[in-house]
Every structure is written in C-alpha cells, then in structure tokens.
Amino acid sequence: MLLEVIFYAFASVLICASLGVILFKNPVYSAVSLILAFITTGLLWLLLEAEFLAIVLVLVYVGAVMVLFLFVIMMLNIHAEEERSGFTNIAPIAIFLGLVVAAELIALYWIQSDQFSGLESISNSALSVDNTLLLGTELFTKYILSFEIAGFILLLAIIVSISLTLRARKNVKKQVARDQISADPKQRLRMVDIKRGLD
Amino acid sequence: MTFHIIGSILPEVTIAIAICVVILVNSLIRSVSAAFIHSMILFFLSVALFLSFVSLEIPNSNIFNGHYVIDSFGTNLKIIALIASILVHLASLKSKNNIKNEIFLIQLFATLGVLILCSAHNLLTVYLGLETLTLSMYGMVASNRNSIEATESAMKFFILGAIASAIFLYGLSIVYGVTGTLSLELIKESNLLDGLEMRIAVAFIACGVIFKFGAFPFHSWVPDSYQGSNTTAAIYISSVPKIGAFALISRLFLDSLNVMSEFWSILILSAGLLSIIIGNLIALMQINLRRMLAYSAIGHIGFVLLSFSIVNDGGISASMTYLLMYILMTISAFALIESISSEDHQHIELSDLKGLNNSHPLIAFMLLFCMFSMVGIPPFIGFYAKWIVLSELVNNGMLWFAIVGIIMSVIAAYYYLRVVWFMYFEKTDQPIENKGMMNTHSITSIFVSVMLLLIGLYPNPIIDYTRIIISSFLLID
Numbered sequence: 082m083l084l085e086v087i088f089y090a091f092a093s094v095l096i097c098a099s100l101g102v103i104l105f106k107n108p109v110y111s112a113v114s115l116i117l118a119f120i121t122t123g124l125l126w127l128l129l130e131a132e133f134l135a136i137v138l139v140l141v142y143v144g145a146v147m148v149l150f151l152f153v154i155m156m157l158n159i160h161a162e163e164e165r166s167g168f169t170n171i172a173p174i175a176i177f178l179g180l181v182v183a184a185e186l187i188a189l190y191w192i193q194s195d196q197f198s199g200l201e202s203i204s205n206s207a208l209s210v211d212n213t214l215l216l217g218t219e220l221f222t223k224y225i226l227s228f229e230i231a232g233f234i235l236l237l238a239i240i241v242s243i244s245l246t247l248r249a250r251k252n253v254k255k256q257v258a259r260d261q262i263s264a265d266p267k268q269r270l271r272m273v274d275i276k277r278g279l280d
Numbered sequence: 013m014t015f016h017i018i019g020s021i022l023p024e025v026t027i028a029i030a031i032c033v034v035i036l037v038n039s040l041i042r043s044v045s046a047a048f049i050h051s052m053i054l055f056f057l058s059v060a061l062f063l064s065f066v067s068l069e070i071p072n073s074n075i076f077n078g079h080y081v082i083d084s085f086g087t088n089l090k091i092i093a094l095i096a097s098i099l100v101h102l103a104s105l106k107s108k109n110n111i112k113n114e115i116f117l118i119q120l121f122a123t124l125g126v127l128i129l130c131s132a133h134n135l136l137t138v139y140l141g142l143e144t145l146t147l148s149m150y151g152m153v154a155s156n157r158n159s160i161e162a163t164e165s166a167m168k169f170f171i172l173g174a175i176a177s178a179i180f181l182y183g184l185s186i187v188y189g190v191t192g193t194l195s196l197e198l199i200k201e202s203n204l205l206d207g208l209e210m211r212i213a214v215a216f217i218a219c220g221v222i223f224k225f226g227a228f229p230f231h232s233w234v235p236d237s238y239q240g241s242n243t244t245a246a247i248y249i250s251s252v253p254k255i256g257a258f259a260l261i262s263r264l265f266l267d268s269l270n271v272m273s274e275f276w277s278i279l280i281l282s283a284g285l286l287s288i289i290i291g292n293l294i295a296l297m298q299i300n301l302r303r304m305l306a307y308s309a310i311g312h313i314g315f316v317l318l319s320f321s322i323v324n325d326g327g328i329s330a331s332m333t334y335l336l337m338y339i340l341m342t343i344s345a346f347a348l349i350e351s352i353s354s355e356d357h358q359h360i361e362l363s364d365l366k367g368l369n370n371s372h373p374l375i376a377f378m379l380l381f382c383m384f385s386m387v388g389i390p391p392f393i394g395f396y397a398k399w400i401v402l403s404e405l406v407n408n409g410m411l412w413f414a415i416v417g418i419i420m421s422v423i424a425a426y427y428y429l430r431v432v433w434f435m436y437f438e439k440t441d442q443p444i445e446n447k448g449m450m451n452t453h454s455i456t457s458i459f460v461s462v463m464l465l466l467i468g469l470y471p472n473p474i475i476d477y478t479r480i481i482i483s484s485f486l487l488i489d
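Protein chains in written order, with this note's numbering: chain A, 82 to 280; chain B, 13 to 489.
By construction, these hints were calculated from the structure, which means they are not laboratory data.
Don't be surprised by glycine CBs; every beta carbon is placed ideally from N, CA and C.
The following label-pair restraints were derived from C-beta to C-beta distances:
#, chain 1, residue 1, chain 2, residue 2, range
1, B, Leu-36, A, Tyr-110, 43 to 51 Å
2, B, Val-271, A, Ala-188, 26 to 34 Å
3, A, Asn-107, B, Ile-35, 39 to 47 Å
4, A, Glu-85, B, Gly-189, 27 to 35 Å
5, A, Val-141, B, Ala-178, 14 to 22 Å
Next up, chain A with everything else stripped away, as it sits in the complex:
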C-alpha cells in the first residue's frame, strides 16, 4: 500500500516535470524540470530495487549531461519562443505520432502481457542480490573485453576532442605552469659586476 502511494506520488511528479520540459517558455526552466524528471525517474528505479542504476542515472544525467545543457543554454542565450513558433504547424503530426506510440504501448501491455511474465523472475532474483555487486561481477568477468574496448573508445574520444580543439594561439598570454616550475635562476638572473661609484 505504502509502496503504491509512493509510486503514484513520484509518477505524478514525473509526468508534471515532463510536461514542464515542453511547456515552459524559458529554456532554463525546461532544463531544470528535466533534471526533476531524471531525479524522479531515479527514485522510481529505486522502488524497483535497481539502486545502482538509479544512482548512475542521477550522477550521469543530472550531474554531467544536464549541467552541460544548462551551460549551452546560458552561453548561447537561446530564445526558445522564436524556435517554437512553428509548433502549431507540426502539432497534428506530433499528436498523431504520440497517439500511435501510446496505442502501441497499450496494445503491448494488454494483448501480450503474458510475455512480460519473465520480468517477474528477474526482479525477484534482483531482490536477493546486491545489484551493484551483480553488475560489477558481470562487467568484470563475462563482459571484460567489451569493457576494455569501451575504455579505449573513451580514450579515443578524449584524444580526438582535445586534438581538435587545443591550439596554441599566438597572441594570447597564458600561464604555462611547467615552465614556471622548471624556471632556472641561471637563465633569468644575470650577475653583473658594477664598478663602485666612488673610485
């Protein structure tokens, strides 16, 4: 009972937040309500006892992706209202597609709900085991090769993005810490013999 109350509470917050994403006029508000949507989704996953995924969702999407979104919105000063002026033109298509997707989901749930019976056993087995441990074990034994390759892909992404964006501009004065630390007094100080003034 309590579980259901919590679920419906969070689910309604999630729906409101998702509506907020598309209905707010100010893009910053939209982004913030998307953050709220992610957090409530994370909480719903917690109810399913997928605590690791819930934390990862919050860390990755709220901590990294949404902060990036907000940076972009604030830096570029996007005026969403002008962008949205064509919305009424595509609204019929959008509503139609939305209805199709909704109908598909409902059909999937009502007609073929017996196919989801397997999910019960998955969530039951998840109850007994710490799922961080489970994911870690799978990742580092069965999927170790894929894990390592993914690591190399990330390394590649770092190198490519740095090599595409880093450049030494000629007329910009910037600090080079390494040069400062490795500065040698012999190169900078010159001892000069000066004749005494009164001789």
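Using the hints, position chain B against chain A.
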C-alpha cells in the same frame, strides 16, 4: 588460463600498449621528434604483425565467454590489416609536412578497431570494434582543421556515420530481440531466422555495412572525405577500414546469418552493381584527382560486393582477392599523389598533372603503372582482380552482371587513361616543382607501385592464399 587468453590476443594487446606508450611519450617528453614517434609506431606495428604470424599456430578457440574468436580467417585478416597499416604509415612519412602526431595515434586506434572487428564474435564486441574504427575515422577526417572544406566533409561524414551506426545498431537490436542472444554462434544455431523481423534486421545491418564499405547508396561521404582530409588520412580511410568492413560482413552475414543468404545476397548484389555503375559514371566528370579516385574506389568496392554476393567458395575468395589488390592500388595512388602535392597545394587537379613526365619522370611512370592497374590492363594486378571476379560471375551463371562489369570497366578506362594522357602528352609552362628528395615516403610509394607489376606478373600466391583462407572459414560453418 589467463595467460592463455592474453596469449591469443597478443596483436591487439600490442596495439593497445602502443597507443598508451605513444600518448605518454607525446605528453611527457618535451620536444619529442616526429621521427622518434614514427619509428616507435612502426616498431609496435611490426611487433603486432610478427605476433599475429605467431598466433596463426593457435588452434581455433572461443575466448572471453565467446565474445572473441581466434581462427585462421580472423588472424589472416589481421595480418593483412597490419601490413596495410604499415604500408600506409610508411607512405605518409613525408619530410617537412607539419601533420600533427595525433593523426598517427588516431590511426593506431583505427587499426585496433579493425583488429577487434576481425575477431569479434558477439554483437556487442562487433559494435564496439566498429565504433572504435568509425570514431577514429571521424577524427582523421576532421584533423585538417584549418580548411573549411575538411571541416565540412568531417561534419557530413560524422552525421551520416552516426545515422548509419544507429541504423546498424537498430538492426543488431532486432536480431537480439528475435533470437534472444548476442553471441554470433548462438544466432547461427537459432531456428528463428526466417521471419519478417529478421529480414528487416538484415536490411538494417546491410545499410551499416554498405556505409562502412562506402558503396552506393551510402557512398556520399566518400568523395568529400577523400577530398577534404589530408592525404595521410585519405590513404588510411581508403584502405584499412575496408578490411574491417570485409571482416564484419563475413562474420555477420556469411557466418552467422548464412541461413538467410538468399535474402542478403540480393541486397549486397544490388549495392555492388549500382556502385559499379554510379561510381564509374560520376568519376568521368571529376577534375579533382582525389575526388576521381574516391568515385573510382566506389566502383572498385562495387566489384568486391558483387563478387561477395555469389556466396560460395570461389565468389568470396575472388571478392577478398579483389579487396587486397584494390588496397595495394589505392595506397600506391594516394602515396604518389602525396609525393607531388605540397603544403600549399593540397588539391591536385587533373590539369596540374600536365607535363609531369618532364618534371617527375619516375613518379609519372609509377602513376602510369597505378592507372594501368586500376583500368585492368594485364600484366598489372588490377587485371587479375577484375578477371577473377568476372570469371566467378560467369561460372555462377551471372553473365549479365559480368557484362555490366566489363562495360563499366571500359568506361572507367577513359578517366584513368586521361590521367596518363595529361602526364605524358600535355605540355605546360608551370610544371610542379621537383624537390628531388628520396625519402621513406617516395621509396614506399615506388615500392608499392612496383609491387603492382610484380604481383601482377605472378598473382597465384595471393589467389591461392585467399582461397585457402576462405575455404577454411567456410569449412568451420
């Protein structure tokens, strides 16, 4: 046990170590000379090549829970990919060009991706290997940052590539949804491979594969990226990734989805046939040499795919033979172009070749070899490549496709021989300046071009080699 597993993937491990070492050396040692980096990369590539020769002795085995397979097909493709990488690397060593070291590092990543694709035996590993390759190709094309053309082509390539990857991934996900497994071996044993969903999935996967080959209808990135990127990148993306794509198509279609060969062979056949027609026809109109080579590459890949769609021993090995010979030809062509282009004159047009015979007699002669080989004039290797594909087509009752191939080869002769005409029979008062230096780059390009003739005089080893590899691969099935 652990050592046994690591021992089977030593070539990949070597490349991975090479990547780490190059990054560290590049960032920790100040003013490291480019020559040092190059020799280090070459050293590691040769070690990896040696280790893959050694791992030919390893018996066929599935490692990493079936995510990876060690067999003679994969190891031989790795050997070919590493030899091609070494040739590409040697061919892009040109003194006094200020190509940044990063591009060679990115090439190492791409080579790693190709090696992974050669052995991947699980949809997840296949996809990760493919992404390693594709992401590094984006990086290579984009690395020519100061040119607007290169940025534009990199952007196009990135967006099209991302869409192609998404479609490919969607296909893989449908395969997973239908069969319930990611392992290529279990997919092969599955008996659910005849539904409509699987056909949709195969069509999507074919889109991704054809994009990677750069064949019609997913060819539009090829001319732009060949023209926009610097030659180092262009040599690489025109040669080594095709081996990865060949490994991909063999592992996915030929091995694991062999039951559906009637369906996918039609897709591959039509893509191949249209590539031959479209590639060669558009190449007729090009005035930029690299763009012309890009369209001719589309035509060559068309032959590879056409022959692949025969789906038997002879057809697949003819396809692989053609691929190997195409790779040699493309490396030679781009390396020769690189040797006559300079920093401020990257885009060689056909009219720039006027009077090349007077200023660079040796390079003109080698380019003549290369063009004759691409036309398919005996005794150059291009002749044997075309001949073996066409004879397989005729043997398997696909006479009309062979006739289209022959007609298109004849049409292609026009634009290849036009290059020769410009070099030998046109006069100009502004010849390309002869720097007259013999360096690693020009030695390599001459070596590869002479190989076009030498292998052409005695092509049997390569033909037998591919036949042995392919028949051993098909026997495993």
